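Fit chain G to the known structure of chain S by using the hints.
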Amino acid sequence: MTTEELEQIAESVRLANSKHDHEINVCMGTGCLSQHSDKLKDALTSAVDAQGKKVLVRRTGCMGLCAAGPLVLVDPEEILYQHVHAADAEKIASSLDREPVAELQCNLREHFDEQVHIVLENSGHIDPEKIDDYIAHDGYNALLKALTEMTPKDVIQQITDSGLRGRGGGGYPTGLKWSTVAKAAGEMKFVICNGDEGDPGAFMDRSVLESDPQRVIEGMVIGGYAVGASKGFIYVRAEYPLAVSRLTTALREARRHGLLGNNICNTPFNFDVEIRLGAGAFVCGEETALIASIEGKRGTPKPRPPYPASSGLFGKPTLINNVETFANIAPIIRKGGKWFASIGSERSKGTKVFALTGKITNSGLVEVPMGISLRQIVEGIGGGVPDGHTFKAVQTGGPSGGCIPAELLDIGVSYDALVKIGSIMGSGGMIVMDDTSCMVNVARFFIEFCMTESCGKCIPCRAGTAQMFTLLTRICTGTGTMDDLALLEDLCSTVKEASLCGLGQTAPNPILSTLKYFHNEYIEHIVNKRCPAGVCNMESIQSEIPSEVTA
Amino acid sequence: MPVIAPPPLPSEDKRWKIVNGTMRKNGFARHALIETLHTVQSSFGYLDDESIRFVARSLHVPLSQAYGVVTFYHYFSLKPPGKHTLTICTGTACYIKGTDKLLASAEKHLGIPQGQTTKDGLISLTTARCVGACGRAPVALADGELQGQITGDELIAQLERWSKE
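Residue numbers (this note's numbering), protein chains in the order written: chain S, 2 to 552; chain G, 628 to 792.
Just so you know, these hints were derived from the structure itself, not from any lab. Keep in mind the model is a prediction, meaning the values are calculated, not measured. Hints are supplied without guarantee of correctness; some may be wrong.
Said to hold, decoys possible - Label-pair ranges, simulated between beta-carbon atoms:
1. G/S670 / S/G262: 27 to 33 Å
2. S/P307 / G/E772: 40 to 46 Å
3. S/S343 / G/G672: 37 to 43 Å
Claimed, not checked - Lysine-lysine pairs mimicking PhoX-like chemistry, simulated, CA-CA at most 25 Å apart:
4. G/K728 / S/K298
5. S/K298 / G/K652
6. S/K317 / G/K706
We treat Cβ as the ideally placed atom computed from N, Cα and C, and that holds for glycine.
Just chain S, with the same shape it has in the complex (with noise of 0.2 Å):
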């Protein structure tokens, strides 16, 4: 594969494209498809083509609404439809050249306007199944530079310079981690693309292999060559059928273009790509007991150094960074590092993909820039809290994450504020909580997630999160008193301190974010045994409290 080659599958591609008037692009995610927009690109397709439209009915990824899906875009008009079904392929098909049909149209402006798109930049646009697609939009260009204009000495300056940190959560420098691999000494090195989006209420990993499976493929080869590796993993969850299989298509494709193999486009550069599917365990979000779960083992962490860096998968120095990370490579070296540093705040830059879900309006995916406010994505974005009801928290980082009270939310989206007030970036899941949640069960609902994800190696982690388990389980059924809150918290620091990795590490966090923003909600479950969201059941024990008490 050469420049020209790629430009010529551009170019036909476009020419493809040109010959027809419009094109419809049919959302098939994972949100959509449960809602059968398989069967509507059918009827779209037939509707077209009964009608003798010359018009382009295209599969893509996820466009990021999904709570008004199965959506429908249409090209070049951007015209976008919601709650579309087969029904209405009639409708839209007749509609075209004329006016748009009212009824079905998402008019949510600003839902789109204060996003920024460079991982989703794809999604939406290409078919994930078509590397022609991919390569339409500038797909392997940057792979291309890379390898016949640049060395892997450039490739890692350039990734420094962006100041891109790691999107899995820890906000390492990628920069530092691949230049760290590659001084390693070797022959033998390996490149893992982490897609084990363990964190329940986060989808944007998913979402991005189901979208724009070639991005992802083509960061790890620039991975490959700027650390010296010649294999890379990729680590999907089993859970994930759709992006499985969608993976490994673009794998087979890239590997029948001569993007994956040996001799990459004509240069001495080897690299391929495997699968390896997770089994159900949060803890393997962990680098080494992610590492462990490709050697076949059972995934628990180890005690760090050695770092991956200089000794992980099969004892060799191994590159593992995020899938998100993963995806905002190409871009970077095709428009250069300081392009990319100049989005984003002081010292988180680029853009973060946020899965928004929970008592919010707009759920779906989006892609917001660093140091855009929590109100903005809450309330403009997301549209803020639906039925009537009024917002209490907003919750990020998962179950190692905290829940961010109302008074905060005009803080800017970072790794360093997030931390700063007891919660994480984490991967990217955000899930708003109004009036009807109580946040003590909140906290026991991520403590008992812990407790059952926790691998048992270390003790802390083991046994402390069961007993904190324990503990809020009497508060929210009204048995605790202000001495097993006072345990509570004793407890969690001791988890925090003493756990071998990040999973006991940050396990307290959402109890302690909890404990330090709505502590009056622990009281009124302690004191007056009542859940001030009326979540908890406390019924057993509300016979023996006196009646000034209760009222």
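Structure of chain G alone, referenced to chain S:
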């Protein structure tokens, strides 16, 4: 080092050939254990004693280690699934939208706790830690097919449809 020949296939069942294929593709390397177990589960529906022993012997992995891996990961099941499987997502977004009530009503209707199969072997009830369709919470999977924004009534209706088959 003498090469120990892989053990013979446990039976004539063609599915063993698929399992063997996965191991051969990976050169019977020990690190193919999880990959192979995935193949067993997708071919047979679950992992039984015989299959774990066969895979462990073929890959020269101690049986204890193979069993350890099977029980460590939630995805692997040691029990045969029912004819139909209802999976209720218990991820955070689904929890916020009241999935605990859905689960409780399904448990009550079937008379079994989650993780079990009805006595007639018809329906298995399981939970999942987030299927990644949070935008459509609460979510359930009926025989793997995703159903979003599901209500308690819809869930019970689905269970009744299965019972009447």
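Consistency of the hints with the structure:
Distance hint check: the CB atoms of G/S670 and S/G262 are about 29 Å apart, consistent with the given range 27 to 33 Å. A C-beta distance of roughly 45 Å is found between S/P307 and G/E772, which places it inside the suggested range of 40 to 46 Å. At roughly 53 Å, the beta carbons of S/S343 and G/G672 sit outside the given window of 37 to 43 Å. A threshold of 25 Å between alpha carbons decides the hint, and for G/K728 with S/K298 the separation of about 36 Å lies outside it, so the pair is violated.
The straight-line distance between the Cα atoms of S/K298 and G/K652 is roughly 19 Å, inside the 25 Å bound, and the hint therefore holds. Distance hint between S/K317 and G/K706 is unfulfilled; the C-alpha atoms sit about 37 Å from each other, more than 25 Å.
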